[in-house]
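Using the sequences and the accompanying hints, generate a full structural model.
Here the protein sequences come in this chain order: A and B.
Sequential numbering of the first sequence, starting at 3, is according to the numbering used here.
Sequential numbering of the second sequence, starting at 680, is according to the numbering used here.
Keep in mind the hints are simulated off the structure, nothing from the lab.
There may be inaccurate statements among the hints.
Which residues of chain B face chain A? A partial, calculated answer using Cβ under 10 Å [stated by the list, open to error]:
(1) 724
(2) 727
(3) 731
In silico lysine-lysine, DSSO-like type, Cα no more than 30 Å apart, as pairs [claimed, not checked]:
(4) 176(A) with 154(A)
(5) 755(B) with 101(A)
(6) 74(A) with 13(A)
(7) 303(A) with 176(A)
(8) 99(A) with 755(B)
(9) 99(A) with 219(A)
Beta carbons: idealized from backbone N, C-alpha and C, even for Gly.
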Amino acid sequence: MSGVRVLVGTKKGAFILTSDGKREKWDVSGPHFAGWEMYHLKGSPADPNRIYASQSSGWFGQIIQRSDDGGKTWHQPGTPPGETTGAGGTPKGESNKFKYDASPETGKPLTTHQWYDGTQHPWEFKRVWHLEPCLTEPETVYAGVEDAALFKSTDGGKNWSELSGLRGHGTGPKWQPGAGGMCLHTIILDPSDPGRMYIAISAAGAFRTDDGGKTWKPINKGLKSQYIPDPSAEVGHCVHHVAMNKSRPDVLFMQKHWDVMRSDDAGENWREVSGNLPTDFGFVIDVHAHEPETIYVVPIKSDSEHYVPDGKLRVYRSRTGGQEWEALTNGLPQSNCYVNILRDSMAVDSLDKCGIYFGTTGGQVYASADAGDSWNPIVRDLPAVLSVEVQTLD
Amino acid sequence: MIRVILPPHLRTLAHVGSEVAVEVPSPVTIQSVLDALEDSYPMLRGTIRDHDTLNRRAFLRFFACEEDWSHEPTDKPLPESVASGKEPFVVIGAIAGG
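Here you go:
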């Protein structure tokens, strides 16, 4: 019996929503890690029982949590469930440790980046925004962090090492924080090429590696951002999210600060596909699991008014890979709605028909079991939603 | 044994109640108390003080005998009543909204 498991990160804990393949009735568990900010949870494609979670707090810093049983129980990697002390195979709490690699052997000097006022500011680790498990190996997982850098663990999240070629490739001093901080928020692994990976940073832009993370290149040609001194600069663009359909890994879709963009050549060139959207500011973007030209966005009013326009929550769908968009409103509030949908808060399942899910800053998680034609709230009153991921279960 | 009172989120993380007791070699200082605490509860590493610098995290405060020890040298001996276990060493989260 197929089913889905929706992993929801919120400002005050994590929730797990499960249903069978009909996606009509839902079980809700949580809050897990009650009171903590859960920026992201994501399951391993190679082992659906393996889920990684980023737990953080302005007071207590960054914690990595892991479940090996589909979210029923959790532990910090290196600290097995039920063990609280370090006797015998001592857990060292290393899973909490994200240290920029500034060593002369493998690292890059820890330089500065641009601060809000244009001055240079030292790199400081703050939190993990995004966890991306390897497509084939459950013990391998990548972490995108603030201040922007990419880390990798090959032992199930116990130890983390920076892929320092990204932070150190040369344009770092031109990177700057967006309103949410200088975060590496998007990690996309190419299923057809184990060496190729895409990442995106606010506000630096998108980058690609073709050698497993040793070297990186900015892939921002075609992006235009009027809010930076050189609107067509190589880096400095506030990319909000990037999405790919795994059947066509060279085609990428991007929701930038303003503008919805598309690349057909692995990010070498981008063109705008905002078309008839009511506003092309937004955060989320995703691609239908089975129709690689069908994409989804949720337009937000503006960069100073982070809520949906006209008090109406509308998902926009394009079946033509952009330019021509239709509003999807069936089951969504069409008056007095002023929520935002944050960048990692939309996901698709791979059932037939494709399910679409998104969470709002008002605490609702909406699901569509018919590719967006109709919507229902799974839950209405969670804390503000920071991220939504979905696992399709056999 | 030294008594340590933790803020609620760290009690949950360490699977303990409001107060824990740890064996601390003399001299009993902030540093030696936190070393012993982290040895017994390694999941707390990085949550009270930075992994590398061992600096107190910005939004946490340390109290002993109703006095603020947050800015005292971490190798300064704590009061005898803390060292004897009569009074607890207290870790408090600063009130800053949220």
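Structure-based check of each hint:
no.	hint	verdict
1	724	holds, 3 Å
2	727	holds, 8 Å
3	731	holds, 6 Å
4	176(A) with 154(A)	holds, 24 Å
5	755(B) with 101(A)	holds, 28 Å
6	74(A) with 13(A)	holds, 20 Å
7	303(A) with 176(A)	holds, 28 Å
8	99(A) with 755(B)	holds, 27 Å
9	99(A) with 219(A)	holds, 27 Å
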